[in-house]
Amino acid sequence: MAEVRDAALLLRRIPHGDTSLIIHLLTREHGRVALMARGARRASSPFRARLAPLCELRAAWRPGRTGMGTLTDVERGALWLPEARAWEGLKLLSLAEKLFREGDGAGFDDVRAALALMAARPRGPGLTAAAWLLLARQGWVGDLDACWQCGARADALAWRRDGLCCPACGAGLEVSPGLRRGMAGYLQSPRVALPQADARTWRRMVEDLLRQHGLGISLEED
Amino acid sequence: MHGFPGMPAPLARVVETLSGLPGIGPKTALRLGLSLLRKPASEVEEMAAALVDLHRALGFCERCGCFAEQGHCSMCDNVRRERSVICVVEQPVDVLMLERSGHFSGLYHVLHGRLSPVDGVGPDDLRLAALDARVADGGVRELILATSATVDGEATAHFIARRYQGAGVKVSRIARGVPEGGELEYMDEFTLGRALDQRVAWETSP
Ligand SMILES: [Zn+2]
Ligand SMILES: [Zn+2]
Numbered sequence: 001m002a003e004v005r006d007a008a009l010l011l012r013r014i015p016h017g018d019t020s021l022i023i024h025l026l027t028r029e030h031g032r033v034a035l036m037a038r039g040a041r042r043a044s045s046p047f048r049a050r051l052a053p054l055c056e057l058r059a060a061w062r063p064g065r066t067g068m069g070t071l072t073d074v075e076r077g078a079l080w081l082p083e084a085r086a087w088e089g090l091k092l093l094s095l096a097e098k099l100f101r102e103g104d105g106a107g108f109d110d111v112r113a114a115l116a117l118m119a120a121r122p123r124g125p126g127l128t129a130a131a132w133l134l135l136a137r138q139g140w141v142g143d144l145d146a147c148w149q150c151g152a153r154a155d156a157l158a159w160r161r162d163g164l165c166c167p168a169c170g171a172g173l174e175v176s177p178g179l180r181r182g183m184a185g186y187l188q189s190p191r192v193a194l195p196q197a198d199a200r201t202w203r204r205m206v207e208d209l210l211r212q213h214g215l216g217i218s219l220e221e222d
Numbered sequence: 223m224h225g226f227p228g229m230p231a232p233l234a235r236v237v238e239t240l241s242g243l244p245g246i247g248p249k250t251a252l253r254l255g256l257s258l259l260r261k262p263a264s265e266v267e268e269m270a271a272a273l274v275d276l277h278r279a280l281g282f283c284e285r286c287g288c289f290a291e292q293g294h295c296s297m298c299d300n301v302r303r304e305r306s307v308i309c310v311v312e313q314p315v316d317v318l319m320l321e322r323s324g325h326f327s328g329l330y331h332v333l334h335g336r337l338s339p340v341d342g343v344g345p346d347d348l349r350l351a352a353l354d355a356r357v358a359d360g361g362v363r364e365l366i367l368a369t370s371a372t373v374d375g376e377a378t379a380h381f382i383a384r385r386y387q388g389a390g391v392k393v394s395r396i397a398r399g400v401p402e403g404g405e406l407e408y409m410d411e412f413t414l415g416r417a418l419d420q421r422v423a424w425e426t427s428p
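These protein sequence lines map, in sequence, to chains S and P.
The numbering of the first sequence is our numbering, which starts it at 1 and goes up by one.
The numbering of the second sequence is our numbering, which starts it at 223 and goes up by one.
The hints are simulated quantities; they were obtained by calculation from the structure and are not laboratory data.
By construction, the Cβ of each residue, glycine as well, lies at the ideal position given by its N, Cα and C atoms.
Hints may be right or wrong, so weigh each one.
[Said to hold, decoys possible] Taking beta-carbon pairs under 7 Å as the criterion, some of the chain S residues facing chain P (in silico):
(1) PRO53
(2) LEU54
(3) ALA84
(4) ALA86
(5) LYS91
(6) GLU97
With the hints as constraints, model all of the structure from the sequences given.
Rendered as structure tokens:
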């Protein structure tokens, strides 16, 4: 079968046998693919240093006739985040790993955009904003100025476990117009600062959305 | 056991057990099983006893997490070792490797893993509370972070460095670069880039 080339990011490295790896890539055109990287754990393997998460890879592989394909070449670009923030980046990747399954077509550009946003924002709220962006791009996030239940536009909105709601639809944690403007601004510009209490509320909103979809991932700064 | 129809049950059991080991397939397991059968019974009994003993006698040091035969490992009990310097590693086997270098006379702290959110490994899964206690006890001057040179290992090192900033402890990271006997021609670009970034100044002798 003909070789395939694509831009990719690394989601998982699973040791296989004594020297090989099974890797899960999220690719731009082919979605998530699992590949065998033969000998990739050998000291002499050109794959070893290149198969890193949090950077753009140019991968080439031969699809398997029946099962898993084989990695034939990979180039690696610069890290998308400074190494000192790799822990946060890896948390976002673990979310992406749960969101995008094999066979899904999308994901690469969404994760890339979320990591770029994170890199341009400070530790803590940066991860919340990046996760929010990733979820928004999957259609899990509604309009910030309207009730997610009935669609009514309202000033007074509250957060319930499953989204924003107007007073007629239910009560919950207050999400003031100021906070909503702050969130929208924070996603747009690195110059917008978020008060700590607002950042905490936003983080809780993201964690609720994740839990709602069966993804128990903590975004707490630790 | 499919693949070897008609194999006697005791041999099949050995083959099945051995092929659960890393790097051993059914064919190698069969070869090993047959060679065990050819050995004198006393020798095989000794081997079995060694395996049983491995689990019964070997555990981990309560203090540092290294291999230990009693509650404490031989390094923690050794009064001649430098107690104010702690080298933090991921696995007990890393301690054996570092000890082989003969370059370190301090104590160790084994995390028993490294941060890897995708595998569900977070700070609570590492032996960090035990390290907190050692640092809080005082007397620790330096933590040497010797985690892997992977993004996970680097994330773990940065996490620990941040955790103890302001604790009055010097934090250092093992160097990364050209390996001993390595020719640049065969080096990958990332290793070389890192070696250049982390170059060390040479004092010229007068
Ligand atoms: Zn409503
Ligand atoms: Zn010990």
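Results of checking the hints against the structure:
no.	hint	verdict
1	PRO53	holds, 5 Å
2	LEU54	holds, 6 Å
3	ALA84	holds, 5 Å
4	ALA86	holds, 4 Å
5	LYS91	holds, 5 Å
6	GLU97	holds, 5 Å
The structure shown violates none of the earlier numbered hints.
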